[in-house]
Amino acid sequence: MFDLNHHHEPDMDALSDLLARHVDSLNAGVDMTPDLMREYDEHPSVTGLLQLSRELHTTMTPARPSLDFVEKLGYELEQAHMRRTRSMRRWSRRQRSWTVRLSRVVGAAVSLLAVLGLVIRVLVSFAMLIMLIARQKQRSAAAA
Amino acid sequence: VSDKRPLAGLDESELVRLAKSDALAFGELYLRYVDKIYSYIYYRTSNHHEAEDLTARVFHRALKHIPDYEDRGLPFSAWLYRIAHNLVVNWHRDRNRRQIIPLEGLVLRTLRRDGPDRVAERLDSAERLLSVIRGMPEDRQLLLILKYVDRLPNAEIGEIMGRSEGAIKSLYHRTLVALRDEMSRLYDQHDRDGDD
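Here the protein sequences line up with chains A and B, keeping their order. Per the working numbering, the first sequence starts with residue 1, numbered consecutively. Per the working numbering, the second sequence starts with residue 1, numbered consecutively.
Since the hints were made in silico from the structure, they are not lab data. Check before you lean on any hint, since a few could be wrong.
Simulated restraints on C-beta separations [unchecked claim]:
no., chain 1, residue 1, chain 2, residue 2, range
1, B, Pro-67, A, Leu-112, 19 to 27 Å
2, B, Asp-124, A, Trp-91, 24 to 32 Å
3, A, Pro-34, B, Pro-67, 26 to 34 Å
4, A, Ser-97, B, Ala-167, 49 to 57 Å
5, B, His-190, A, Thr-58, 19 to 27 Å
6, A, Met-82, B, His-92, 27 to 35 Å
7, A, Asp-11, B, Ser-164, 17 to 25 Å
8, A, Arg-101, B, Glu-156, 48 to 56 Å
9, B, Gly-162, A, Ser-97, 41 to 49 Å
10, A, Arg-64, B, Pro-153, 47 to 55 Å
Here are the simulated lysine-lysine pairs, DSBU-like style, with alpha carbons at most 35 Å apart [said to hold, decoys possible]:
no., chain 1, residue 1, chain 2, residue 2
11, B, Lys-20, A, Lys-72
12, B, Lys-64, B, Lys-36
13, B, Lys-64, A, Lys-72
14, B, Lys-20, B, Lys-36
15, A, Lys-72, B, Lys-36
16, B, Lys-64, B, Lys-20
A short list of chain B residues far from chain A (calculated; beta carbon distances all over 12 Å) [unchecked claim]:
no., residue
17, Glu-12
18, Ser-13
19, Glu-14
20, Ala-23
21, Ala-56
22, Phe-76
23, Arg-82
24, His-85
25, Asn-86
26, His-92
27, Glu-127
28, Glu-138
29, Thr-175
30, Arg-180
31, Asp-191
Because the structure is a prediction, the values reported are computed rather than measured. All C-beta atoms, glycine included, are put in the ideal place defined by N, C-alpha and C.
Just chain A, same shape as in the assembly (with noise of 0.2 Å):
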């Protein structure tokens, strides 16, 4: 069944696929190990090898938590999943409100600035023209 040449000391690789195998058969239902014992019976090591993989096979069963355990935890994981994601959105509620104050306080500040600016330029404009009258009014003057 196996490659596994049974007057000599199996190799390591084929000993290796054989209890993979056989585990795997176990797991699936099928229990070789007596024909596999009467199949390799001149070799203890690999005889040794597969009781001890049945027995563990016995031992291990799976362990299952109880039904009330497996409720109440979903139950919590649920309602903090919940939690997380109200506590998100109104982090980025929050984080939305903050960027549009934000925008709004710079949007008032430039156009401050941009009638400041407007303001400060007629004044200069009107300076400028005041001082161009009273120089012509002075040369008008001197020329008189």
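Got chain A sorted already, so can you dock chain B onto it with the hints?
Only chain B this time, still in chain A's reference frame:
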């Protein structure tokens, strides 16, 4: 069941993507893996209450970090087992609780078909076997749990443990040999003690 678990038909990567923002999807992942994670922790701690406590912590931690989870093609369970492994290692280190704790509850369930005289004998042998397993290196314990308790094929165990299928086969072989040697040493010692 499909009414109660509307996302049961979704494949794992889709479910993980949804679970980052959807409680129902996270709940489906939880239901798929809670038994396996509990089983793993139970075999590592041998204590029902600790297994429940650590299982709860695994899933709370997973919930906290799932937004940062990156799908790298590995099974989601590999990530959960890694969280469970880290918690179990910390549990052993912090509390120094490696002493043997009764396993009768677990072992007795597997022995119900035997008569009372055989039960005591096999209980002793099963406890001895499990206590030897608990003394083995972490990767070997994980391999035995994934192989015998979760009954996974080598390819999937390889994905969880980050090794090739061939490496898992070879590790399994070496683990069995080490376990057999340790068991024979224990039985020899037991016989010698009996003779004295």
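Original post:
Going through the earlier hints one by one, which of them does the structure break, listed in rising order?
Top reply: Those not satisfied are hints 1, 2, 3, 10, 20, 21, 27, 29 and 30.
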